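Asker: In case you want the letters, here they are:
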Amino acid sequence: MYTQALDSHGREPVPAEEAAAAAARFQARIDAEEKIEPKDWMPEAYRQTLIRQISQHAHSEIVGMLPEGNWITRAPTLRRKAVLIAKVQDEGGHGMYLYSAAETLGIERAQMFTQLLSGAAKYSSIFNYPTLTWADVGAIGWLVDGAAIMNQIPICRCSYGPYARAMVRICKEESFHQRQGFEIMLTLARGSAAQRAMAQDALDRWWWPSIMMFGPPDADSRHSAQSMRWKIKRFSNDELRQKFIDVTVPQAQFLELAIPDPLLRWDEALQHFAIGPIDWNEFQAVLKGNGPCNRERLEARRAAYEAGAWVREAAAAHAARQAARGAEVSAA
Amino acid sequence: MSAAAPGSGPAPGERALRAALFRYVLRLGDTSLVLGQRLGEWIGHAPALEEDLALANLALDLIGQARLLLTYAGEIEAEGRDEDALAYLRDAPEFLNLTLAEQPNGDFAHTIVRQWLLDAWQLEVYEALSASADTRLAAIAAKAQKETRYHYRFSSGWLIRLGDGTAESRGRTQQALDSLWRFTEELFSADEVDERVIAAGIAPAPGPAAERWRQQTDRDLRAATLPRPSAQPHPWYGKRGVHTEHLGHLLAEMQHLQRTYPGVHW
Chain A
21 MYTQALDSHG
31 REPVPAEEAA
41 AAAARFQARI
51 DAEEKIEPKD
61 WMPEAYRQTL
71 IRQISQHAHS
81 EIVGMLPEGN
91 WITRAPTLRR
101 KAVLIAKVQD
111 EGGHGMYLYS
121 AAETLGIERA
131 QMFTQLLSGA
141 AKYSSIFNYP
151 TLTWADVGAI
161 GWLVDGAAIM
171 NQIPICRCSY
181 GPYARAMVRI
191 CKEESFHQRQ
201 GFEIMLTLAR
211 GSAAQRAMAQ
221 DALDRWWWPS
231 IMMFGPPDAD
241 SRHSAQSMRW
251 KIKRFSNDEL
261 RQKFIDVTVP
271 QAQFLELAIP
281 DPLLRWDEAL
291 QHFAIGPIDW
301 NEFQAVLKGN
311 GPCNRERLEA
321 RRAAYEAGAW
331 VREAAAAHAA
341 RQAARGAEVS
351 AA
Chain B
654 MSAAAPGSGP
664 APGERALRAA
674 LFRYVLRLGD
684 TSLVLGQRLG
694 EWIGHAPALE
704 EDLALANLAL
714 DLIGQARLLL
724 TYAGEIEAEG
734 RDEDALAYLR
744 DAPEFLNLTL
754 AEQPNGDFAH
764 TIVRQWLLDA
774 WQLEVYEALS
784 ASADTRLAAI
794 AAKAQKETRY
804 HYRFSSGWLI
814 RLGDGTAESR
824 GRTQQALDSL
834 WRFTEELFSA
844 DEVDERVIAA
854 GIAPAPGPAA
864 ERWRQQTDRD
874 LRAATLPRPS
884 AQPHPWYGKR
894 GVHTEHLGHL
904 LAEMQHLQRT
914 YPGVHW
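Line order of the protein sequences matches chains A and B.
Position in the first sequence (first residue = 1) + 20 = our numbering.
Position in the second sequence (first residue = 1) + 653 = our numbering.
Only chain B is shown next, with the shape it has when bound in the complex (with noise of 0.2 Å):
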């Protein structure tokens, strides 16, 4: 974004923008946040020892993305907020991560679901994001992409072998494509936040990106002998600050000392 001329403030269309992209920057941030919180509380307790790792790694990963997200975030807000302001001072309504990233884990095979929907999903937004006008958010997604790849590899795997191995996985992992399948209609809708920083070049328009969703989902269901759940609507815009009530219990256990001790470094 260019910078407002000196000695006047920010021209009203760029300080509509410089607020959408901060709900925009929020959004992808929280996701990633929200979603690596998620895998955090898988560590140690995974099905097998390979399994611990790869979900610490995705964990990892995820948490690196929303701190290099929240950060920017923070910077285009400009009113002194940085990654842990963003990540431990806010109260559900204000955070902005889409809805199947707060759903939470149960068994392994809703772990997965939710994993590979949402890797499905980064991948065409960090891709169409690391060639954005926004240089700062096109290198946060190019480094991003190269993580979500791996990912995805180790998601879209496992809902393969779920779907594909015995009776009791393809029944539990069928069953998680029916819970979370009514989360997915968010991913690509867009709303008046998208469509500023889409039209700004910053953010790329969800058309497209939705159309290689479905293909490279429909891909792996048949791969997995899964069917694709049909459409349904969806009562819940995490993206916009309403949550299920997953995700309050979520921000409650992660900001715990922060909330018990305010104002202190740690």
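The shape of chain A in the complex, shown without the other chains (with noise of 0.2 Å):
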């Protein structure tokens, strides 16, 4: 669903002396705007950087089938459940082109998977919030999908071939999906009572969790800079940030909904919404695994893994006799 600038975590590139030349001569495709491809020289730094964000982003994909799929049996009409089975489905999917894309740089979906279950390997911390109501569907699909959506239209020209190709699928269906979101938080917002105060509640409680989503402030990313030079990243955090909320503040209203900010106003100066202080203490706990949900989504992950265990064992012998039996058929 969405790749968190997780800028904090990755190693400082240093390319070897003896590279200087062959990095001078990346950079200056980079700087042409070519598609670097799998078999292309890289530096071991931009190799090791597309790594962690693409797992990190595939891992996103996988686990934030979670929160929506709670809701999954308990949608309520037969419509909606079918749209959202298709839309979990979807990240599924996104997660595999993502763990694909990451193979082309030399690490294994196993591997990877590793990383993720050992705690490792990040995820984007907004799928460590809770699914509480209905209405947290609606909300995720518009505003989590929305600031995906933010975030990886840009990926979408970046600089790594694979990468860039499978964000062009990711993000039409990451745009469906933000429509459907909207959609949901619309009928509920035209509904009853209930309905309404069911949507406000997903709203406050989604708003900053979204806001968070595009990473520390540009102040405090230590590696975009470098990100922005291999053209990974286009836009900075803040930026991002920015275009969200002049996106998504104009819809809230359109909802009738209130965005939990009390200081939210436009600025007339500057054109853009601004908003109030964003508690960065909030996302560096979610972040060190103690938000609302951390635990449990590891924890399904892990236990749908070693539930699994016996069943990867049976397609692998499964596989090996049929492997001998053709051996032994051909050698007949």
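Where hints are given, some of them may not hold.
Unchecked claim - Straight-line C-alpha distance at most 30 Å; calculated BS3-like pairs for lysine-lysine:
no.: 1; chain 1: A; residue 1: Lys142; chain 2: A; residue 2: Lys59
no.: 2; chain 1: A; residue 1: Lys192; chain 2: B; residue 2: Lys799
no.: 3; chain 1: A; residue 1: Lys59; chain 2: A; residue 2: Lys251
no.: 4; chain 1: A; residue 1: Lys251; chain 2: A; residue 2: Lys308
no.: 5; chain 1: A; residue 1: Lys192; chain 2: B; residue 2: Lys796
no.: 6; chain 1: A; residue 1: Lys142; chain 2: A; residue 2: Lys308
Please keep in mind that the hints were generated in silico from the structure rather than gathered at the bench.
Note that the structure is predicted; figures quoted are calculated from it, not measured.
Two chains, two separate frames, one set of hints: put the complex together.
Answerer: Shown next as structure tokens:
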């Protein structure tokens, strides 16, 4: 669903001395907007940055299946149920393309999965918040997918070809999800008093976490500059955050729902909406594993993986037996 | 079905056929709905990402079938109930799904065995129904049959992999077969509802379909190196509204929003 700017978790890129000339040629290609492909030479730090970012993005898709999956069995109409199943399935599909894109950089999906399950790899913090009512499914589509689109559209122009191409399809599906989410919110906002209260409560709980999805403020984002030079990243965290706020506030007004920020105002001089202070302590706490559902999300992933071990072993054993039978037949 | 003559109610024979057809279509629709609901529980928790996607696909197809069938059932009944009124506002005894569909997911082997048994059943039923005298039902069945072929390929493929996999997978699959086999007696046992729609050329006679189902499941079991469980008497008739304890819980979860906030638009 989304790649979060977790810039503070990378290694400082240090190209080796002997690769300086290659690095210069590489940067020249980037500057000329050429796509870097899997077999091309690339600085190790570029490769590692992309592995980290793409795998975090893939993990976010997979973990992101859980909060919305939580409502599949309780969706209020059959149409809503079908749409939600399709959406959660799309997220699994996004995870699959993204793991494949990361594999082109020389890492196996199993290895990335182990990093997720051990807690070594990060995923988007937004999925550590609970989905408590049906309106949360609407709010996630509207706000979380809306923020994801802001983040991801520029990645369609990322310098690394496989990632950029994966993002084109993902963005199309995400914008569909965003519209579906908004439509759920609209239905609730125009519904009964209880439905309206449900929608407002969801906005109250998802607004700030969505704002935090763009990552720490630019001043604290240590690795953004290098990612910008490599054209992995095209806009700063704060620029993307502002774009999202400017697009979303009028949508909330259209829904006649109140954004939970008493300091929110239109800044005539800047021609932007200004918001109150973001609680970065909350962001850091969730990032460190102390959000409302960090434990549940990872436990759910681990439980599925462990409970599925015998199934994967059976598939491997059967495939090996089939291969042996095939060899016998062709030897005969 | 032919329309009743204007100015008069439908003839008694026609009324009885309509009532039987309503129940027959509900049986099909409820079976797809309940099975789709069960598969929905897996999404995000499957043994591998590919299986998450596949199970979601199956669930989506089954919910789609349920929507078409329940909508049609509502039209046959002609009392203003749409797909959601039928799905969300009936209680367990009014549900007419096959008992097998409501059985809990259990482990992956249970889910696969349940799916495989029902896929093989749906293949026969939808194939026959695509030539039904009821053109609406024939169209729904033709679409569903294409989907079911894929479902069956998935479930029979896994049945064979699990049966012919490791000692553990074989043991679990055998256990699932032994536990679920008793619900298969219901699949092709015709009652008065079936007989009425069969007589009208709407539904197929169960005999040949049951025989093909038996042969197909035999072939799969041989490929999976699993013995076929012996036939068991069936104490449950989900299709007559007599269910196991599991259905009530499934419905409580599925219907919770519609029951808590009655009469609103979602």
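Asker: Does the structure break any of the earlier hints, and which numbers would those be?
Answerer: none
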